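Enquirer: Residues per chain are reported as follows:
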Amino acid sequence: MDELELLKKQWQSREQDLPHLSFNDIYKMLLKRSSSIVKWIFYISIAEIIFWTILSFLVPESNTKFNNDIGINNTLIVVNILNYSVFGVFIYLFYKNYRKISITDSVKELMQNILRARKTVKYFVIYNVTATALLLICVNFYYYLNQDIVFKYMVEDFGLSNVTQERFMSMFFLSQILIGTVLIVLILLFYRIIYGILMKRLYKNYKELEKIEL
Amino acid sequence: MNKELEHSFVTQIEENQNIVHKICRLYTNDSEAHNDLFQEITIQLWRAYPKFRGDSKFSTWMYRVALNTAITLYRKSKRTIKTQDFEGVSFKISSEPYDDTTEQQLKLMYRAVKDLNDIDKALVFLYLEDKNYKEISETLGISEVNARVKMNRIKGKLKNILNP
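The listed protein sequences correspond, in order, to chains U and X. Heads up: the first sequence at position 158 corresponds to 268 in this note's numbering, and the numbers run straight through without jumps. Heads up: the second sequence at position 115 corresponds to 236 in this note's numbering, and the numbers run straight through without jumps.
With the rest of the complex left out, here is chain X (with noise of 0.2 Å):
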C-alpha cells in the first residue's frame, strides 16, 4: 500500500541528497555525526511526507524540514560546534586559481560560518545556497524584511570576526 510512497520517497530523496549532505557537513564535524544527522533528517523527512502535498517544490520543503531537524538536534543536545577538523576541510580551487591569501580568507569565512548559532547557521546556508529573500523567508517561515534585517545583522557580525 505505500510501497509507492516509499519508493518515490527515497529516488526524491537520492536526487536531491546534496541539500542534506550539505546542512550536515554545516551542522557536523566528523562522518560519524554527518551520518546520524542525516539518517534523522531523513527520517524526519519521511515522517512529514505525508503531509507534502507538492503546493511547493520536494527540495523547498526537504530544505525546511531539514534545516528544522538540525536546529531542534543541535538545540537538544547542546553540542558546541567546534571546528576541530577545520583543516581537514579543503578549499581545492578547481577553476580560478585563488592564491594562498584567498584560500585563507576562505578558510577563516567558513570556520566563522560554522561558529554562527544554529539559526544565523540556517540563515546564511540558505544564502551560500543561492537563495533569494523571499525563498529564504519562506523555508525559514518568519517575513521577507526580517530576514533581510538578520542577513545584514549577521554579515556585521562575521565582518567582526574576520577583521576584528
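Isolated chain U (complex conformation) (with noise of 0.2 Å):
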C-alpha cells in the first residue's frame, strides 16, 4: 500500500498547518456550558406548562360545576387563557437566550447573555408567584363578597350538612389560607431548587468570564 505509506509521511510532515488556539479560546470553550445550562431552563419551563396543564385536567367535576355556578368559570377561563400567553412568551424568550448563547463566541456577549437569561428567570419567577397568589386573593375576595352564594353551592354541590354558615365560611377562608400559602411555599420551593441550582452556575461562569475579560 504505498499511497497509504505516502500519505503518513505527509501526515507527519503537515502539522504546521494545522490552526493553533491559545490558552484563552480553549478555556473560553469550557465556559461555553452555559449555553447547556440555559437550554435546560428552556426544557424546564416546557416541562412545567405540560404539568400545569395535567394537573388542570385532573380537576374534579365537581369543582367545576361549583365555578360555574358561581358564575366565575367564565373569568377563570379567560385568566387561563392570559397565563398560558404569557407563560408562551416566556418559553419564547427563554428559547432566544438559548440560540444567542449557543452562538456568540466573544466573552463580553456571552457576558451579557448570561446576565439577559438571568433576568428572564428572575420575572419568570415573579410572574409566576405574584400570578397565583393574586389569583387566589381575588377568587376569595369574590367568595367573601357572595358568602350567601358560596355556601347555598357548596350545600348543593358537595353535599355538606349539619353546618351553620357562619361556621362554615369561617373554617372555609381558614382552609383557603393555609392551602394558599402552602402553595405559594411550594412554588417558590420548587424555583428556589430548580432554577436556584442553575442560576448559581451560571453565575459561577459569569465570574469565571469577568477575569477572562479584565
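Since no wrong hints were added, every one of them can be taken at face value.
In silico lysine to aspartate or glutamate, EDC-like type, Cα no more than 16 Å apart, as pairs: (1) X/LYS228 x U/GLU113; (2) X/LYS276 x U/GLU115; (3) U/LYS142 x X/GLU161; (4) X/LYS178 x X/GLU136; (5) X/LYS143 x U/ASP127.
The set of hints was computed from the structure by calculation and includes no laboratory data. Only a predicted model underlies this, so the values are computations on that prediction, with no experimental measurement involved.
Take the two lone chains, each set in its own frame, and fit them into one complex as the hints suggest.
Expert: Here's what the structure looks like:
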C-alpha cells in the first residue's frame, strides 16, 4: 500500500499548517457550558407548562360545577388563556436566550447574554408567584363578598349538611388561606431548587468570564 | 477549588491540540464544523477529565475520548461526509520534491480516507499517527488481532477505491 505510506509521511509533516488555539480560546470553550444550562431552563419551562396542563385535567368535576354555579368559570377561563399566553412568551424568550448563547463567541457578548438569561428567569419566577397569589386573593375576595351564594352551592355541589353558614365560612376561609400559603411556598421552593441551582452555575460561569475579560 | 484542575486541563489541551485538530480535519469539511467539533471534543474531555487518573499518557487518553466524540457526533447527526472542499486541502511538499503524479495520488488517497466510515477512519487516523497495533487496540477498545485484521481489510478497501 504505497499511497497510504506516502500519506502517512505527508501526514506527519503537515502539522505546522494546523490551526493553533491559545489558552484563552480553549478556556472559553469550557465556559460554553452556559449554553447547556440555558438549554435546561428552556426544557424545564416546557415541562412546567405540561405539568400545569395535566394538573388542570385532574380538577374534579364538582369543582368546575361549583365555579360555574357561582359565576366565575368564564373569568377563570379568560385568566387561564392569559396565563398560557404569558407562559408562551416566556418559553419563547428562554428559547431565544438559548439560541443566542449557543452562537456567541465573544466573551463580552456571552456575559451579556448570561445576564439576560438570568433576568428572564427572575421575571418568570416573579410573574408566576405574583399571578398565583393574585388569583388566590381575587377569588377569595369574591367568595367573601358573595358568602351566601358560596354557602348555598357548597351545600348543593359538595353535599354539606349539619353546619351553620357562619361556622362553615370561617372554616372555609381558614383552609383557603392555609392551602394558598402552602401552594405559594411550594412554588417558591420548587423555583428555588430548580432554577436556584442553574442560576448559581450560570453566575459562576459569569464570574469566570469576568476574569478573562479583565 | 477546581480552578487548578481547570488550569492544568486547559494547559494540557493547548499542548496537545494538534491531535484534536487533525481529528477535526478528518471528520469535518469546513472550518465552522471543524470548530464545532473541536469545542465538543474539548467539552467531552473536560467532562471525562476527573476520571483521567494519569495511568495512561494524557495524549493516549485524549485520542480515545476525542475519537469517541467524533464518531458519536458523526453518528448522531448522520452527516454524510462529502469532500466538496477537498480541492482546498493542500499538499504542499516542503522537504522532498514530489512530482504531479505523486501529488495527485496523495489527494486521491486522502479523499478515499475521508470517505471511509467513521470507525475505519479512526483506525486509519491512528495508523497515520504512527501508532502501533497495541496502541491502536487500546485506544479503540478492540483486540490487537482485530485491529490488525481490520486494518488489512481497510487497506484492501482503499486499494479498490484507488484502482477500480
